[in-house]
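Undergrad: Here are the chains, one letter per residue:
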Amino acid sequence: MDILILAGGLSHERDVSIRSGRRVQEALRDHANAVTVQDVDTSLIPALRSGDYSVVWPLLHGASGEDGSLQALLELLDIPFVGTESKPARVAWTKPVAKAVFSRMGIATPEYVTLPQSLFREVGAEQVLDAIAAKFGLPVVVKPAQGGSALGVSLVRQRDDLARAMVHCFAYGDVALIERAVIGTEVAVSVVGTGDDARALPAVEIACDGPYDYDARYNAGRVEYFAPARLDADAAAIVSSAALAVHRALDLRDLSRVDMILESDGTAQVIDINIAPGMTETSLFPQAVEAAGLDLGEVYREIAAHAASRGRV
Amino acid sequence: MRMNDSTPGVPRTAEGTRLDPWFDSYAARAHNMRASEIRALFAVASRPEVVSLAGGMPFIGGLPLADIGEMMRRIIVERGEVALQYGSGQGDVDLREQIVTVMALEGIVAHPDDIVVTTGSQQALDLVTTIFIDPGDVVVAEAPSYVGALGVFRAHEADVVHVDMDGDGLIPEALETTLAGLASQGRRVKFLYTVPNFHNPGGVTMSLERRLRVLEICQRYGVLVLEDNPYGLLGFDHEPLPALRSMSEEGVIYLGSFSKTFAPGFRVGWAVAPHAVREKLVLASEAAILSPSNASQLAISTYLDHFDWQGQIKSFREQYRERRNAMISALEESIPAASWNVPEGGFYVWLKLPPGLDSKSMLPRAVTARVAYVPGTAFYYDGQGADHLRLSYCYPTPERIREGVRRLATVIDAEMETVNIFGTSGDAVGGTVEFPSPDMA
Numbered sequence: 007m008d009i010l011i012l013a014g015g016l017s018h019e020r021d022v023s024i025r026s027g028r029r030v031q032e033a034l035r036d037h038a039n040a041v042t043v044q045d046v047d048t049s050l051i052p053a054l055r056s057g058d059y060s061v062v063w064p065l066l067h068g069a070s071g072e073d074g075s076l077q078a079l080l081e082l083l084d085i086p087f088v089g090t091e092s093k094p095a096r097v098a099w100t101k102p103v104a105k106a107v108f109s110r111m112g113i114a115t116p117e118y119v120t121l122p123q124s125l126f127r128e129v130g131a132e133q134v135l136d137a138i139a140a141k142f143g144l145p146v147v148v149k150p151a152q153g154g155s156a157l158g159v160s161l162v163r164q165r166d167d168l169a170r171a172m173v174h175c176f177a178y179g180d181v182a183l184i185e186r187a188v189i190g191t192e193v194a195v196s197v198v199g200t201g202d203d204a205r206a207l208p209a210v211e212i213a214c215d216g217p218y219d220y221d222a223r224y225n226a227g228r229v230e231y232f233a234p235a236r237l238d239a240d241a242a243a244i245v246s247s248a249a250l251a252v253h254r255a256l257d258l259r260d261l262s263r264v265d266m267i268l269e270s271d272g273t274a275q276v277i278d279i280n281i282a283p284g285m286t287e288t289s290l291f292p293q294a295v296e297a298a299g300l301d302l303g304e305v306y307r308e309i310a311a312h313a314a315s316r317g318r319v
Numbered sequence: 030m031r032m033n034d035s036t037p038g039v040p041r042t043a044e045g046t047r048l049d050p051w052f053d054s055y056a057a058r059a060h061n062m063r064a065s066e067i068r069a070l071f072a073v074a075s076r077p078e079v080v081s082l083a084g085g086m087p088f089i090g091g092l093p094l095a096d097i098g099e100m101m102r103r104i105i106v107e108r109g110e111v112a113l114q115y116g117s118g119q120g121d122v123d124l125r126e127q128i129v130t131v132m133a134l135e136g137i138v139a140h141p142d143d144i145v146v147t148t149g150s151q152q153a154l155d156l157v158t159t160i161f162i163d164p165g166d167v168v169v170a171e172a173p174s175y176v177g178a179l180g181v182f183r184a185h186e187a188d189v190v191h192v193d194m195d196g197d198g199l200i201p202e203a204l205e206t207t208l209a210g211l212a213s214q215g216r217r218v219k220f221l222y223t224v225p226n227f228h229n230p231g232g233v234t235m236s237l238e239r240r241l242r243v244l245e246i247c248q249r250y251g252v253l254v255l256e257d258n259p260y261g262l263l264g265f266d267h268e269p270l271p272a273l274r275s276m277s278e279e280g281v282i283y284l285g286s287f288s289k290t291f292a293p294g295f296r297v298g299w300a301v302a303p304h305a306v307r308e309k310l311v312l313a314s315e316a317a318i319l320s321p322s323n324a325s326q327l328a329i330s331t332y333l334d335h336f337d338w339q340g341q342i343k344s345f346r347e348q349y350r351e352r353r354n355a356m357i358s359a360l361e362e363s364i365p366a367a368s369w370n371v372p373e374g375g376f377y378v379w380l381k382l383p384p385g386l387d388s389k390s391m392l393p394r395a396v397t398a399r400v401a402y403v404p405g406t407a408f409y410y411d412g413q414g415a416d417h418l419r420l421s422y423c424y425p426t427p428e429r430i431r432e433g434v435r436r437l438a439t440v441i442d443a444e445m446e447t448v449n450i451f452g453t454s455g456d457a458v459g460g461t462v463e464f465p466s467p468d469m470a
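Chains U and Y are the protein sequences, given in the same order.
Using the numbering used here, the letters of the first sequence map in sequence onto residues 7 to 319.
Using the numbering used here, the letters of the second sequence map in sequence onto residues 30 to 470.
This is chain U alone, in the form it adopts within the complex:
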């Protein structure tokens, strides 16, 4: 099997994507015939048309990689690829839309509001910020409505810090999602497979000495990971079922990672989902695979082989 990994791109997460691409390529070295990493630029379509591969694995993070655009192109060219199709990808990419789906399906997610910058301009920022603080209390989490790797995300504990957090967030995009900060045990559950065949890997627990921000995510040391998470059987079952419910509710395919906070009353609050989860040295998906006692290269090979077996769309 020959695999063409797509990594890089032009999003804010280019660096993470390149690292993910290299890491997956390395893990697949002894499990596939040839694994090539290709950037997403003007050489992409000729590379895709060359047909020198069995399957394409998009490892783009951020816009155009996770927002369904690249997937739409692959569907247009009738090319088999790993991961979620374009339409569900678009739903998963936009956090408020995904959260609305969760709410409809009875999946817990922190209370939130989605506001574009234009609204603050039109009605006056201070009054809106007052309303946010009054509604949710503090702390709140401010994040771009689209995007990953904690870019543009702030945990705001003081009302006076809210405006700066909004400006920071709007540097990454025009729409902000503000949600009530949830307190509990932070876990990420990776899911492999599709539909009824999907299975959850052991939860990975993230114990961070501060905010789980870009610095904590991509530098070893600040976070202590527990894989599997330090959960009893009931709690582990709760987070697994929540992850599978999300994966199925959003029609995700092949693999995903669902980030959650398990509250003290046993509620798993879904914070974020990733259809192209990070695969770097410090990423959570590879840790979950290892916690399951599985070989990373073999799991990647199975994922790719399954996608290849679907053939042309």
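Please keep in mind that the hints were generated in silico from the structure rather than gathered at the bench.
Bear in mind the structure is a predicted one, so any value in this text is a computation, not a measurement.
We put the CB at the ideal spot given by N, CA and C, even for glycine.
Treat each hint with caution, since some may be false.
Claimed, not checked - Derived Cβ-Cβ restraints for the label pairs, each shown as a range:
1. Lys381/Y to Lys93/U: 46 to 52 angstroms
2. Lys309/Y to Arg35/U: 45 to 51 angstroms
3. Asp238/U to Glu432/Y: 36 to 42 angstroms
As the list claims (entries may be wrong) - Chain Y stretches covered by chain U per the calculated footprint, using a threshold of three residues with CB under 8 angstroms from any CB of chain U:
4. 72-83
5. 383-397
6. 441-455
Said to hold, decoys possible - With the Cβ distance kept under 8 angstroms, some of the chain U side facing chain Y (calculated, not the full set):
7. Ala213
8. Tyr220
9. Gly227
10. Val229
11. Glu287
Using the hints provided, position chain Y relative to the given structure of chain U.
TA: Frame of chain U, contents of chain Y only:
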């Protein structure tokens, strides 16, 4: 970003991992060497869609590359046994003689024995810092200062105290006040780090009168001067001013480089130092790298012997002047609310943003708009500089420069609108450029 807390009733016995078994073994100074959000944003700067006004990359396309290729071939074929062998720790003696000639253009009289060839002047910076700085020692430097020097000082745990500049470079009165203040605190200043010509990032040049005063003040306070001069021969309008080293042999360590006048890929620079200092530099360099690359030194030496290198510098000057003009006229047209210096040489425009804007906070927006710059905070040791950014005009064509400035103008307008809505600038993008990647230096 979420909050952590323990969940009652959940077992807490398993062993975790920090994914780096050596985390507790690192030296304290290594803990700041981290992947950061801001460095990640620079990952897209190398893509052709992005107009990078960030890195100070020389315009290598202006070199006669085919002729240099033939030169390299002959070096390996005809002198391969030397080129590919270890060399002298102090550097090739023929090259050191040629460096004496190069430095004479800026008034420096030196002997080949005074020179230590290094792997770029960046290594010379590291060597000087290695032999002079203990943790906590004070380095005085211009405000702002070259990001790559600050990275070296930080790696050696120096304390950097900045001194203001104006259009004529370092302000002598401010230097004196700073040195007097530090002396009254009983703090020993090990050296003054200065880029006197076409400053990086400030773009300004220290006037002749100030050179004399700076030397006099440093002599009075017993402070060595570290003169970093990569751009001295790249002035657009005037003959080079005499180097500080030309006025003081004992009080100045001089750093030179072929990176801007020829090509950075060879990584050849040099230091000129008083006798005793030079001895230590050679020993420190041998300890670090044994010897600088013979192949690179032979390439530089052959280039200086057989090519019209002064004509090439003149050609570079013309190309950089055209690019400087393109940038300044584009700024005047597109970003009148900002202010900047008009450099008379070198690579950089130091731009002051309209009030209320923060260059580090604005960077993601710039990346989205496909234009890159270096936030001003990179050039300060103490987090200042958010109201400035550095633009490089050396690498992109004039047309790309104009396009980049147009994009930057839209970024500034959009950021200004957001800042006006919320009445504040944003939280800075996480992380620092304390240890800059080459495309930011």
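Undergrad: It remains to establish, for every hint, whether it holds in the given structure.
TA: To see whether the hints hold, each was checked on the structure:
Checked against the hint of 46 to 52 angstroms, the pair Lys381/Y and Lys93/U passes, with Cβ atoms roughly 47 angstroms apart. A hinted range of 45 to 51 angstroms for the beta carbons of Lys309/Y and Arg35/U is consistent with their spacing of about 47 angstroms. Between Asp238/U and Glu432/Y the beta carbons are some 59 angstroms apart, a value that contradicts the proposed interval 36 to 42 angstroms. For the region 72-83 of chain Y, the stated coverage by chain U holds: 6 residues have a C-beta nearer than 8 angstroms to a C-beta of that chain, and at least 3 were required.
A stretch counts as covered by a chain when three or more of its residues have a beta carbon under 8 angstroms from one of that chain; for the region 383-397 of chain Y and chain U the count is 7, and the coverage holds. Given a C-beta distance limit of less than 8 angstroms, the hint that chain U covers the region 441-455 of chain Y holds, as 10 residues qualify and 3 suffice. Taking 8 angstroms as the C-beta cut-off, the interface hint given for Ala213/U holds, the closest approach to chain Y being about 6 angstroms. With 8 angstroms as the threshold, the beta carbon of Tyr220/U comes within range of chain Y, its nearest partner Cβ sitting at about 4 angstroms, so the hint holds.
Taking 8 angstroms as the C-beta contact cut-off toward chain Y, the hint placing Gly227/U at the interface holds, the least distance being around 4 angstroms. Taking 8 angstroms as the C-beta cut-off, the interface hint given for Val229/U holds, the closest approach to chain Y being about 7 angstroms. Interface restraint check for Glu287/U: the shortest CB-CB distance to chain Y comes to about 7 angstroms, inside 8 angstroms, so the restraint holds.
Violation of the numbered hints given earlier is confined to hint 3; every other hint is satisfied by the structure.
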